[in-house]
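The listed protein sequences correspond, in order, to chains E and D.
All residue numbers for the first sequence refer to our numbering, where the first residue is 1 and numbers rise by one.
All residue numbers for the second sequence refer to our numbering, where the first residue is 1 and numbers rise by one.
Bear in mind the hints are in silico, worked out from the structure with no lab data behind them.
Be aware that a few hints might be false.
Below 20 Å or equal to it, Euclidean Cα-Cα: the simulated DMTMM-like pairs (lysine to aspartate or glutamate) are [unchecked claim]: (1) E:K512 with D:E308; (2) D:K110 with E:D329; (3) E:K139 with E:E181; (4) D:K259 with E:E484; (5) E:K363 with D:D121; (6) E:K66 with D:D123; (7) D:K255 with E:D478; (8) D:K110 with E:E181; (9) D:K259 with D:D307; (10) E:K306 with E:E439; (11) E:K512 with D:D307; (12) E:K240 with E:E434; (13) E:K360 with D:D126; (14) E:K66 with D:D300; (15) E:K66 with E:D330; (16) E:K139 with D:D121; (17) E:K360 with D:E107; (18) E:K139 with D:D219; (19) E:K139 with D:D78; (20) D:K110 with E:D330; (21) E:K363 with D:D132; (22) E:K363 with D:D123; (23) E:K363 with D:E160; (24) D:K259 with E:D69; (25) E:K512 with D:D123; (26) E:K363 with D:D126.
Here are some, though not all, of the chain D residues that point toward chain E, as calculated from beta-carbon distances under 8 Å [stated by the list, open to error]: (27) C31; (28) T42; (29) I156; (30) N252; (31) G287.
All values reported here derive from a predicted model rather than from experimental measurement.
For every residue, glycine included, the Cβ atom is placed at its ideal position computed from N, Cα and C.
Here's the letter readout for the chains.
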Amino acid sequence: MAHTADVTSPSMTSVREEGLVEMAWDPITRIVGSLGIYTKMDFKNKVVKECYSSSHVFRGYSVFMKGKDPRDAHFITSRICGICGDNHAACSVYTQNMAYGVRPPPMGEWIMNLGEAAEYMFDHAIFQTNLVDVDYCEKMVRETNPSVWEQAKNTEAPNAGLHGYRTIADIMTALNPLEGELYLEALQVSRYTREMFCLMEGRHVHPSTLYPGGVGTQATVQVFTDYMVRLMRYVEFMKKNVPLHDDLFDFFYEAIPGYEEVGNRRIIIGNWGAFQDPEHCDFRYETMEHWGRKMFTTPGIVVDGKLLTTSLVDINLGIRILLGSSYYDDWDDGETFVSHDPLGNPVDRRHPWNQHTIPKPRKRDFTDQYTWVMSPRWFDGENHLVMDTGGGPLPRLWVTALANLVDIDYVQATGSSVKINFPKTATMPAQTLEWHVPERSNTLERNRARSYYQAYAAGCALHFVQQALDGVRAGETDTWSPFEVPDEAIGCGFHEAVRGVLSHHMVIRDGKIANYHPYPPTPWNASPRDVFGQPGPYEDAVQGQPIFEENDPDNFKGIDVMRTVRSFDPCLPCGVHQYVGKGKVLKQLHSPAGVPDAQ
Amino acid sequence: MTAAQTPTMRDKPDVSDAKVHILWINAGLSCDGDSVALTSATQPSIEDIVLGVLPGLPEVAVHWPLIDYENGPVGVRDDFIHWFHEAYNDELDAPFVLVVEGSIPNEKIKSEGYWAAFGNDPDTGDPIPTSDWVERLAPKALAVLAAGTCATYGGIHAMEGNPTGAMGVADLLGWDFRTPAGIPIVNVPGCPTHPDNLSETILYLLYQATGQAPMIPLDEKLRPTWLFGATVHEGCARAGYYEQGEFAEDYNSQKCLVKIGCWGPVVKCNVPKRGWINGLGGCPNVGGICIACTMPGFPDKFMPFMDEPPGATVSSRAIKAYGGMIRRLRTMTAKTVDKEPSWRAKGTKLTTGYTAPWR
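Can you build the whole structure from these sequences, using the hints too?
Structure, rendered in structure tokens:
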């Protein structure tokens, strides 16, 4: 194509390695925001040699929130994200509840849980089928792996009896963008689930009815019935959709031996918990460990397959914000706002409560600073672990399964799996789905977990909507509790944004916001090399992964890299670049910005 | 059966060969919420537009980061950014509408680097600032559509104390900017934009682009007049409580929210009337204070959001006296109309007033 660079351009002079190719995807489509990833490809050995992740947008929430009224925080922070803004609003409300010492009435929590469940149902549905599945659709697979397409035509779908597609190829065809019936159905699903959301939180994606202390939504028979009718449509959809995705992803393991290595990285995954239990949650820091474990999706961290903790206090104290490759100055001289937490534990200077955001725009340089994303890490006492969120669902299910704490009518943890029990629906009998802890944290398992968590969220919603209706029938319709904003206070909130861990940390002084630092999932996943040189999760997952695409470098699409990046459900401004090796090749395959070589 | 000819509407140009590109830049300071909102639009939906479901639509080639199929490596195959380079180099095969999402940071206030960028410069390898793209492409576009309050007026990312000097598209290009076709910037504010407000405006522009509709009617802030001509309050389901002087004292209440933070009476927006999606949801109509997210003064002029707007103290006091009287009169009437007429009763007598011939 048109953009050929001079081989002698400064950015290219570092390319010395034999046979390496630099390529760039920038901006990446079918994600939220703008992301850039830069890699060196080794086509001879069919492996990605190196990968760099870069984000191109800075907005400065922590900067402009200073001095504002703390009650504005959820209205403002919702605007951080355009697909899961409500997760931010909810997390900010949790943070404010702690700071103001207010506990919403149970009905307020059920409504918020129902809204957040609808968000998971909507967002995972549209992301999975309209953004991720396109990488596995007929059109794409024919372009990248014609032999796999041939095999798909001759492979019966094991769950055809449930979802109605006879072969894997039939599934792939149904996923073709704007033509396939599954693709079009998912768009419709994403709309009625957003109707469910609006019944609870008013407006998608920036809710209108959330407040510290509860919600402004009126709790009525009507509003919950309207929700439940739509929910049962979704449950029926799940009964087909989950087995269908099992068939699709299992097929890739079968058709492409070694595919389990795509996007595979060490199992260091975490989730910060979702869905409060109003019977237990009082939003006090002192009791946080207890009520955190009562959440309907258990918070926790899994390392190498072992459950490290389920304590929100542990989780909180371990968060560290590192720099290294980001366009910011360090806060060495910055004030420490919170030296100890309310339990008396020391709080680190690199913890979000004590963070200062000092932007320093500079020229992108892959040997130095190359992104607006910082590097959040989780400190286990010895190491700054490069934790990822697995796109959200994988660690949610993994922690919940191992922790074995959740047991309600519709969802149950077993210690090694999670069961979702659905009642009968319009055309299908009752069905139990079971997600088992996988062997790996890789691209296909991130994606498979997403389908199961859609079902999990629906199962939770069935529980919540019945609790809410019981409350209405009992006349317990209060949704909001009053509060005062203290002059001095701190607060923190933990939640799951759709694509993974979400925390907000606030410090109030003189009744105003003195410090506010939100940490959404994408900084964890899209982070660059930190001050210790550890690459971030996208970089780490792509780096070293095998390439199975059948196209030669001149016609290369990079589908395996794209699948890995999308499996994390990126939600920020970034882009991916690849690198072409020497001389002549470089002239044809230009990388717009040089990636440094390995030395 | 023979293939039917596509009928054309009388007095409308034949558009069967017409084509329009839509180039979408989401790399302003945004959250992508306007892109996401558009996926929930149903009147019309994105499928209706892209698949040409509505009569008279040209072929539409959408280059939209959120759902675009194309995403090959830059300069190798099927990359996304090449459409934007081609638009700048006048190499597209049809005119284009430029959609901008997000506010535009001021790149001139610092010595190096960038606040927001979109793709890279093929010659230098450096990121191309979003503001450069807008300044390059707007003068070549058929129409420029600013989607959402960030792109229209700056919005959240342009609030007091922001480090980036962010502004709206019209602040960057000038409020009197016109495309070569003479079309002003079209602003569809909202944080995010109402899904159908955005899709409906795109539809209008496609009809205008193909000569089927006259100049889009805009107000002085460049908003489509049919969408932003009325206030939140004028369309609010809770406005009746205001009229009767009944105000919510806290967020449990179903009454009018103006005393606990709602700016509806002065905000131009159709959301309570339209609902958020398929008529469901909204803001004050369902218990959420209007924080004025469609307005040029958003957010600073409306913060702290949860306090009573200054003007509301006076107006709500005035309405309380009048509304109280109205409410008392209505209560009397309501009692009367809440009863069935007296003649609906068992017994041997007909008391409806009818004179029975069978007696």
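The hints, checked one at a time:
no. : hint               : in the structure
1   : E:K512 with D:E308 : 18 Å, holds
2   : D:K110 with E:D329 : 15 Å, holds
3   : E:K139 with E:E181 : 14 Å, holds
4   : D:K259 with E:E484 : 17 Å, holds
5   : E:K363 with D:D121 : 13 Å, holds
6   : E:K66 with D:D123  : 40 Å, violated
7   : D:K255 with E:D478 : 14 Å, holds
8   : D:K110 with E:E181 : 50 Å, violated
9   : D:K259 with D:D307 : 8 Å, holds
10  : E:K306 with E:E439 : 12 Å, holds
11  : E:K512 with D:D307 : 15 Å, holds
12  : E:K240 with E:E434 : 14 Å, holds
13  : E:K360 with D:D126 : 17 Å, holds
14  : E:K66 with D:D300  : 13 Å, holds
15  : E:K66 with E:D330  : 18 Å, holds
16  : E:K139 with D:D121 : 30 Å, violated
17  : E:K360 with D:E107 : 13 Å, holds
18  : E:K139 with D:D219 : 45 Å, violated
19  : E:K139 with D:D78  : 13 Å, holds
20  : D:K110 with E:D330 : 18 Å, holds
21  : E:K363 with D:D132 : 16 Å, holds
22  : E:K363 with D:D123 : 15 Å, holds
23  : E:K363 with D:E160 : 27 Å, violated
24  : D:K259 with E:D69  : 18 Å, holds
25  : E:K512 with D:D123 : 48 Å, violated
26  : E:K363 with D:D126 : 8 Å, holds
27  : C31                : 3 Å, holds
28  : T42                : 6 Å, holds
29  : I156               : 4 Å, holds
30  : N252               : 5 Å, holds
31  : G287               : 3 Å, holds
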